[in-house]
Amino acid sequence: MKKLVLGLLAFAMVFAMVSPIVAQAKKPLKIAFVYIGPPGDMGWTYEQERGRLAIQKAFGNKIETKYIENVPEGPDAERVIRQYATAGFDMIFTTSFGYMDPTVAVAKDFPNVIFEHCSGYKTADNMATYFGRIEEARYLTGIIAGRMTKSNVIGYVAAFPIPEVVRGINGFTLGVRSVNPKAQVKVVWTNTWYDPVKEREAAVALLDSGADIIAQHQDTTEPQKAAQERGKYSIGYDSDMGKFVGDSVLASATWNWETYLTKTIQDALDGKWKTHAYWGGLKDNVVQLSSISSKVPASVQSEVEAAKKKILGGWSIFTGPIKDQNGKVVYAAGQVIPDDKQSAMDWFVEGVVGKVQ
Amino acid sequence: MDLVTSILTITIRAGTSLVLATIGEILTERSGILNLGIEGIMLMGAVTSFAVSYYTHNLVLALLVAAGVGAMLAAIHAFLSVTMRANQVVSGLSVTLFGTGFASFLGQRLGPASNNFRLVGLKGAKFTPIIVPGLSDIPIIGAIFQQDLISYSMYLLVPLAWFFLFKTRPGLWLRSVGEDPKTADAMGIDVIKTKYRYTIIGGMLVALGGAHLSLSYTPGWAENLTGGRGWIVVALVIFSMWNPARSIWGALLFGGINAIQFRLQASGTTIPASFLNMAPYLGTILVLVLMTWWEALSKKVGGPAELGNAYMREDK
Chain A
1 MKKLVLGLLA FAMVFAMVSP IVAQAKKPLK IAFVYIGPPG DMGWTYEQER
51 GRLAIQKAFG NKIETKYIEN VPEGPDAERV IRQYATAGFD MIFTTSFGYM
101 DPTVAVAKDF PNVIFEHCSG YKTADNMATY FGRIEEARYL TGIIAGRMTK
151 SNVIGYVAAF PIPEVVRGIN GFTLGVRSVN PKAQVKVVWT NTWYDPVKER
201 EAAVALLDSG ADIIAQHQDT TEPQKAAQER GKYSIGYDSD MGKFVGDSVL
251 ASATWNWETY LTKTIQDALD GKWKTHAYWG GLKDNVVQLS SISSKVPASV
301 QSEVEAAKKK ILGGWSIFTG PIKDQNGKVV YAAGQVIPDD KQSAMDWFVE
351 GVVGKVQ
Chain B
1 MDLVTSILTI TIRAGTSLVL ATIGEILTER SGILNLGIEG IMLMGAVTSF
51 AVSYYTHNLV LALLVAAGVG AMLAAIHAFL SVTMRANQVV SGLSVTLFGT
101 GFASFLGQRL GPASNNFRLV GLKGAKFTPI IVPGLSDIPI IGAIFQQDLI
151 SYSMYLLVPL AWFFLFKTRP GLWLRSVGED PKTADAMGID VIKTKYRYTI
201 IGGMLVALGG AHLSLSYTPG WAENLTGGRG WIVVALVIFS MWNPARSIWG
251 ALLFGGINAI QFRLQASGTT IPASFLNMAP YLGTILVLVL MTWWEALSKK
301 VGGPAELGNA YMREDK
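Protein chains in written order, with my numbering: chain A, 1 to 357; chain B, 1 to 316.
Rather than coming from a laboratory, the hints here were simulated on the basis of the structure.
Where hints are given, some of them may not hold.
Unchecked claim - EDC-like, lysine to aspartate or glutamate: derived pairs with alpha carbons at most 20 Å apart:
id, chain 1, residue 1, chain 2, residue 2
1, A, Lys263, A, Asp101
2, A, Lys122, A, Glu164
3, A, Lys232, B, Glu314
4, A, Lys341, A, Glu164
5, A, Lys355, A, Asp324
6, B, Lys123, A, Asp324
7, B, Lys126, A, Asp125
8, B, Lys123, A, Asp247
Said to hold, decoys possible - Label-pair restraints from in silico Cβ distances:
id, chain 1, residue 1, chain 2, residue 2, range
9, B, Pro272, A, Asn112, 55 to 63 Å
10, B, Met72, A, Gly271, 39 to 47 Å
11, B, Ile192, A, Asn112, 58 to 66 Å
12, A, Arg79, B, Thr83, 50 to 58 Å
13, B, Ala113, A, Lys27, 53 to 61 Å
14, A, Ala298, B, Met72, 26 to 34 Å
15, A, Arg82, B, Thr168, 53 to 61 Å
16, A, Asp76, B, Leu288, 49 to 57 Å
17, B, Thr269, A, Ala277, 32 to 40 Å
18, A, Ala298, B, Thr269, 36 to 44 Å
19, A, Gln357, B, Ile130, 49 to 57 Å
20, A, Asp324, B, His57, 46 to 54 Å
All C-beta atoms in this analysis are idealised placements derived from N, C-alpha and C, irrespective of residue type, glycine included.
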């Protein structure tokens, strides 16, 4: 499949060399997206693709977008990104953490191409980075989970031990413990972004160990389906998973890239684009809380609504007092974890059972 | 349900697709044909059977279609490697490349137009576990009696395949074709036909293994549903030393370590998770090494002698 795509890409390159003859006077901005999974994952790449379709619709013939799916992180990614840059694309979005260094390497060689990397921390004059504080939405789903759990054990199927995932687990757990200090969040790592079978097995293991709600950080809906089959609830991530699984998904923390993409592409079209490190939250509409399942009582829904207002008002979910797993206060009352500490987070808050490793 | 029983239950459930595909590949390799197209055939079996179950809600038809698709892909491999005498590794890999890509393509085209991603995220008919009353309450052994129909048929398939291969005349013919096609030919066995037949039967079983994923274990279609399990099967064939009876241990070992490692993590162990994630693969490699070593010491017959070699009657 990948070889086929690469072959087509090579063909496209040849075509791109010939095509200027037929190109119109005002050339559309050529934009490429590099995806880690298939757009049909119903999760991360699905949301990226939704963003792409939205901007394509909004900008019409002013832009021309292409995407390539299932690109593994590592050397393959660099090859793909380089091919896009060589093929005359003006703007390239690389949408997975592991594409960071490949993007840096290619950006160095193509100073006139704009690169945008999602979820990393490295930038250059022609390479920006963008991401969202999904943990704010996770905090809200945590409130729901904390109220709805009966066994006080919530399972969390975690992807890779990197700050992004750790932040999500901590944000979620802080939400859970804000309403239910007795509840625990059990973490199981799969070291995958996309492996339906494995992610299901991890969820089943958590259910067997007493969890009655399953949350997750990968890009498939299998953990939610596994919970549903056992008659248990789940919390979705990436996209509104309730739409694909049913109302056993109590709520989802979701991405919404349209707003950000529209702005940065408009800047590029106007020639005003400058490198930046964007990190938006609930108030910027980059992350959202999906509609809440009807299984959640109104009292809990209004509790979530109140917390959401607080966050929209500028309150950080990482405001102290925050204790680590040993019960030691790491951030005193009123103290907020600074952004640079958040983006390098490698420890769990109190209430998480498991280790970052 | 106690812990051991629950681990065993999920191990069997996860292992069914592995056992089916392993037995299929064993039959194929016993005829001297190495089919590395397993991953692609499994995915094709998974996507086509799910499409049929979604549209017709007929599970028998879904299984038949999967078997048919598996037979077709295996026939392509057989044609390339038996008739055209192409390199079997290259031909098998191309079946995998084709199957993986084409399965994704079908997934994006086959479903209803109303669904953005066509087949992905839909629900079709599926096999559900049939719990045998009484027997399923026995600790540990009870796990065997709370599976779906495909797993129950797998229990039958394992001894049947073993019996066929080692206790019947056609089984002997099959083995002799893989060991020494020239002699088999001289004995009057149709080598070409045998190779074709078992490559195709093998492909059918492999595709049914894929169908078990999309119809029972992880019901529904998602791209790359198998997540590389086709490659594990290649290792499991060697692990079982081309003996269908042993395939069950390989699948149990691989599936079991996976189930146990997640439970260890959930219980809050101090062993690093990345090591635990690695354990199923590490375990498989370790046992493979031990088996090969033991095999060399005991001079037990390992793989078919002519595995991977093209046969031509006039060759000297």
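How the hints compare with the structure:
no.	hint	result
1	Lys263/A <-> Asp101/A	violated, 25 Å
2	Lys122/A <-> Glu164/A	holds, 15 Å
3	Lys232/A <-> Glu314/B	violated, 65 Å
4	Lys341/A <-> Glu164/A	holds, 12 Å
5	Lys355/A <-> Asp324/A	holds, 12 Å
6	Lys123/B <-> Asp324/A	violated, 42 Å
7	Lys126/B <-> Asp125/A	violated, 53 Å
8	Lys123/B <-> Asp247/A	holds, 15 Å
9	Pro272/B <-> Asn112/A: 55 to 63 Å	violated, 44 Å
10	Met72/B <-> Gly271/A: 39 to 47 Å	violated, 55 Å
11	Ile192/B <-> Asn112/A: 58 to 66 Å	holds, 60 Å
12	Arg79/A <-> Thr83/B: 50 to 58 Å	violated, 36 Å
13	Ala113/B <-> Lys27/A: 53 to 61 Å	violated, 33 Å
14	Ala298/A <-> Met72/B: 26 to 34 Å	violated, 56 Å
15	Arg82/A <-> Thr168/B: 53 to 61 Å	holds, 57 Å
16	Asp76/A <-> Leu288/B: 49 to 57 Å	violated, 28 Å
17	Thr269/B <-> Ala277/A: 32 to 40 Å	holds, 37 Å
18	Ala298/A <-> Thr269/B: 36 to 44 Å	holds, 40 Å
19	Gln357/A <-> Ile130/B: 49 to 57 Å	violated, 40 Å
20	Asp324/A <-> His57/B: 46 to 54 Å	holds, 52 Å
Violation of the numbered hints given earlier is confined to hints 1, 3, 6, 7, 9, 10, 12, 13, 14, 16 and 19; the remaining hints are satisfied by the structure.
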